[in-house]
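Model the full structure from these sequences, guided by the hints.
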Amino acid sequence: MPTPGSGSRDSGDVLPVRLAPDPALSRLAVEVDPRAPTTVALAEALVRTMRASPGCVGLAAPQVGVPARLFCLDVGGHRKARSYAGLVVLANPLLVAAEEPNRAREGCLSVPDLTGDVVRAGRIKVTGAVPGTGEEREYAADAFEARALQHELDHLDGLLFLDRVAGAHAVHARKRYL
Amino acid sequence: MGALAITAIGDDRPGIVAAVTEVLVAVDANLEDTSMTILRGHFAMMLIVGCDRPAAEVEAAVAPVAAELDLVVSVREVSTVPPAAAAGAHYVVTVHGADRPGIVARISRVIAAHGGNVTDLVTRLAGNLYVLTVEIDLPSAQAAEALRPELAVAAADLDVVAGLHPADADVL
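Sequence lines, in order, name chains S and F. Each residue of the first sequence is one higher than the one before, counting from 1 in my numbering. Each residue of the second sequence is one higher than the one before, counting from 179 in my numbering.
Treat the hints with care, since some could be wrong.
Heads up, simulated DMTMM-like pairs for lysine to aspartate or glutamate below, C-alpha to C-alpha not over 25 Å straight-line [as the list claims (entries may be wrong)]:
hint	chain 1	residue 1	chain 2	residue 2
1	S	K175	F	D298
2	S	K80	S	D117
3	S	K125	S	D154
4	S	K125	S	E106
5	S	K175	F	E200
6	S	K175	F	D230
7	S	K175	F	D277
Chain F regions said to be covered by chain S (calculated; three or more residues, Cβ under 8 Å) [to be verified]:
hint	segment
8	267-275
9	298-312
10	338-345
Simulated restraints on C-beta separations [to be verified]:
hint	chain 1	residue 1	chain 2	residue 2	range
11	S	R103	F	V296	18 to 26 Å
12	F	D346	S	S53	30 to 38 Å
13	S	K175	F	V203	25 to 33 Å
14	S	E138	F	D346	26 to 34 Å
15	F	D190	S	E100	35 to 43 Å
16	S	P37	F	T297	47 to 55 Å
17	F	A291	S	H172	29 to 37 Å
Hints are computed from structural coordinates only; laboratory data are not their basis. Here the structure is a predicted model, which means the values were calculated and not measured. Using N, Cα and C, we set each Cβ at its ideal position, and we do this for glycine too.
Here is the structure:
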């Protein structure tokens, strides 16, 4: 597992994470300039905050109250992961391919007390721009990494897993593991 | 065979299901459709049982266990009409937002106004976050499209987020 603080290039602050029902989580985020220093700084702060949050594998800008199409992700060490792209930080990402839907339970740093069963594609491709260089990247992902990427993409559209749960009995109290 | 509707609710603890269902076996009641869950620390049981004995006799049989476990129990006779095959279009309504009184009442009234029948409904209160998930049968897909804008109006009035999507579909 990544250690807290690894991957950040400075020792700036960890950002407070917005919790549902904060309306910031339900707004459509807007595109950003991937080369802008503010975008780079926000990306670094997102990674710092993700690293500092136990169990957190991804964080999107709306979760820290910024309506920007930017997220970071790192599923390293997760037991359900197959593909692993390392640390992924993308601005203005797009889902360009999605197949093999499957249903699984997921949680969210912004909904700390609940989990939900959500159908998502098990094999996807995502494109986006790397903050700083602005280089366009494409990631092919499957299994848990694909699910996590779709979860982060949803945040940019103001959607939580609660908006996608599969049925009345698909929302669960989060189990506290000993 | 006749049928009884039984409800029992009390503070959650181990052994409630065992104690109640052992009594039901002893009075020749056969568990059919049931739902049992913990609601904010209270264990709630809803059962339809096949049983030819009068409700009063079953309620009396359960009474000692109810007293011991501090359960509120009701038993009544119900019809044995077989369930109709679900017709129409099946949808899931999702609602979440800050808790306030009236969310379920308003949302379910809008659903009913469009001929929607609630087939399953669960709510969760987590801190100040209220989550309502409803499975509904609608007369048609057209009814769903008519429901959608009115659901949005109700959600805006309640300051919550509401969605409507087909059940059993791959929502991707």
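*Using the beta carbons of E138 of chain S and D346 of chain F, state whether their distance is inside 26 to 34 Å or not.*
holds, 32 Å
_K80 of chain S paired with D117 of chain S [C-alpha distance capped at 25 Å]_ = Roughly 15 Å separates the two Cα atoms, so the pair holds.
*Claimed coverage, the segment 298-312 of chain F by chain S - three or more beta carbons nearer than 8 Å*: Per the Cβ count (12), the hint holds.
_For a C-alpha distance cap of 25 Å, please report whether K175 of chain S and D298 of chain F respect it._
Measuring from Cα to Cα gives roughly 23 Å; hence the hint holds.
*In this structure, is the beta-carbon distance linking A291 of chain F and H172 of chain S contained in 29 to 37 Å?*
For H172 of chain S against A291 of chain F, whose Cβ atoms are near 30 Å apart, the range 29 to 37 Å holds.
*For the pair supplied as a hint, K175 of chain S and D277 of chain F, is the alpha-carbon distance within the 25 Å limit?*
holds, 22 Å
*Outcome for the supplied range 18 to 26 Å, where the beta carbon pair is R103 of chain S and V296 of chain F*: holds, 22 Å
*With 25 to 33 Å as the target window, see if K175 of chain S and V203 of chain F comply at their CB atoms.*
Cβ of K175 of chain S to Cβ of V203 of chain F: about 31 Å, so the range 25 to 33 Å holds.
_For K175 of chain S and D230 of chain F, compute the direct alpha-carbon distance and say whether it is at most 25 Å._
violated, 41 Å
*When you check the alpha-carbon spacing of K125 of chain S and E106 of chain S, does it fall within 25 Å?*
holds, 20 Å
*Test coverage of the segment 267-275 of chain F by chain S using CB-CB distances below 8 Å; three residues minimum.*
With 4 residues close enough to chain S, the hint holds.
*Does the Cβ distance between P37 of chain S and T297 of chain F fall inside 47 to 55 Å?*
holds, 53 Å
Of the numbered hints listed earlier, those contradicted by the structure are 5 and 6.
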